[in-house]
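Chain B: place on chain A using the hints.
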Amino acid sequence: MDADTLFQIASTTVLAGWASLLISPFAPTISDRVAGIGVPALLSIAYAGLVMAFWSGAKGGFDSLDNVALLFQTPQILLAGWIHYLAFDLFVGAWIARTARQAGTGFWLVVPCLVLTFLFGPVGFFAFLSIRAVKAPASALATA
Amino acid sequence: MSALAISSARQPGAGLRDLLAQMRESEPRFFALGLLLLIAMVPTAFAMSIDQRIFLDVNVWDKPLKFEFALAIYILTLTFFARWLAPELAGRRWYRVYSGTVVAAIVAEMVWIAGAAGMAIPSHFNETPLGVVIYGFMGASAVLLTSASAVYAVQIARNSQTGLSPVLRESFVLGLGLVLPLTLITAGTMSSMGGHWIGGSPSDAGGLALLGWARDGGDLRVAHFFATHSLHVIPVVGLLSAGLLGGDRMGPMRLSAALYVLLVTYAFVQALSGHPFLPMLG
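Residue numbers (my numbering), protein chains in the order written: chain A, 1 to 144; chain B, 1 to 282.
In case anyone wonders, no lab produced these hints; they're calculated from the structure. Virtual Cβ for every residue (Gly too), placed ideally from N, Cα, C. Treat the hints loosely; a few may be bogus.
Stated by the list, open to error - The following label-pair restraints were derived from C-beta to C-beta distances:
id	chain 1	residue 1	chain 2	residue 2	range
1	A	G61	B	P181	23 to 31 angstroms
2	B	T101	A	M1	33 to 41 angstroms
3	B	T265	A	I9	47 to 55 angstroms
4	A	S130	B	P129	55 to 63 angstroms
5	A	M1	B	T265	42 to 50 angstroms
6	B	P129	A	L119	48 to 56 angstroms
7	B	P166	A	I30	50 to 58 angstroms
8	B	S203	A	V115	51 to 59 angstroms
9	B	A90	A	T12	44 to 52 angstroms
10	B	G217	A	I30	35 to 43 angstroms
Unchecked claim - Listed below are several chain A residues computed to face chain B (Cβ distance under 8 angstroms; list not exhaustive):
id	residue
11	I45
12	A48
13	L50
14	M52
15	A53
16	S56
17	G60
18	G61
Next up, chain A with everything else stripped away, as it sits in the complex (with noise of 0.2 angstroms):
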């Protein structure tokens, strides 16, 4: 299996848990094994694939942004790296769902939240907490 053909594979996957998402007010426990654990699984399961067999072989490491870049040279390493985007961000977006479910926030304020995750992962995490800190600040400040 090439690289090209994996990345068509873990996008349409994660497309699959973030749509569970999207119906999480019909379906939470569907959606949270889905988007919550399985999905994720599976992409952790591909990623630690990827590392075990390409890491030795790829030049650079974590300790300076050039050779962080280095390490992206390696198609299959930078695929690694997206593939912990994907698994990382809905494992965030599947959290902010589940919790807002369980805090009784309105589902129209958590598709926003929900947007942003799944296309700049760390804002749609940051918007979620601005959200419950408004709503309930102590709680947001005690399990955030």
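Same frame as chain A, but now just chain B:
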């Protein structure tokens, strides 16, 4: 024991669940490690599917995958026998330290084998200066993890409250007890000879399906395999003997155990003389 076998035959699903619950309860540490080794096979198999690198003519991840499976089978088999250890053993300090050390040895062995595969370097018989040092540690941890079967044999032999029929209990003790000496002789020879291929080509391509045993010369892994599996074969013979001939007839089981030792010896001598095991298997 034979009652357990019969009830599992009636309700396969429930029988398997009960069996696994029993194994987990009897030796939680080994059970958890066994499951983790099986889970680790998933990313390893995935790495194998995307990695083109070849070592000794097979994919670099072929060996870690086999070791994960083999070590999982070994450690889960011990959890099966753990219920016949004396109940107070689990609370003994020496046993807790010992079983923790066995777990650590298996984890260390697996991390090195997978790490070496990742770097496409030999994990066994690595002749670089660091490789030689690590190989020494590996030998020690291999002996340590194998010794667990011997400890189980001694503990089951000393436990008078197993509730097992004499033939079954002796088959467990013999099966577990033979693993360490037979493996030390076969694997130890393999290690001191600097390789397991004798006479044929040093390659895993063209080996016996799944097991990889050489078809064009001797392969010491055959004897190592049978040596280590005495903890399966002899207890199964004991189970059959207890079911068919009753729990007190020791002769047939003892004879089978002796024949099994002969089989290991035969496979060992055959490999040493450079001949493949059962060449007609292709």
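Now for the hints, and whether the structure bears them out:
no.: 1; hint: A:G61 with B:P181: 23 to 31 angstroms; in the structure: violated (47 angstroms)
no.: 2; hint: B:T101 with A:M1: 33 to 41 angstroms; in the structure: holds (40 angstroms)
no.: 3; hint: B:T265 with A:I9: 47 to 55 angstroms; in the structure: holds (51 angstroms)
no.: 4; hint: A:S130 with B:P129: 55 to 63 angstroms; in the structure: holds (56 angstroms)
no.: 5; hint: A:M1 with B:T265: 42 to 50 angstroms; in the structure: holds (45 angstroms)
no.: 6; hint: B:P129 with A:L119: 48 to 56 angstroms; in the structure: holds (51 angstroms)
no.: 7; hint: B:P166 with A:I30: 50 to 58 angstroms; in the structure: holds (55 angstroms)
no.: 8; hint: B:S203 with A:V115: 51 to 59 angstroms; in the structure: holds (55 angstroms)
no.: 9; hint: B:A90 with A:T12: 44 to 52 angstroms; in the structure: holds (48 angstroms)
no.: 10; hint: B:G217 with A:I30: 35 to 43 angstroms; in the structure: violated (56 angstroms)
no.: 11; hint: I45; in the structure: holds (5 angstroms)
no.: 12; hint: A48; in the structure: holds (4 angstroms)
no.: 13; hint: L50; in the structure: holds (7 angstroms)
no.: 14; hint: M52; in the structure: holds (4 angstroms)
no.: 15; hint: A53; in the structure: holds (4 angstroms)
no.: 16; hint: S56; in the structure: holds (5 angstroms)
no.: 17; hint: G60; in the structure: violated (16 angstroms)
no.: 18; hint: G61; in the structure: violated (15 angstroms)
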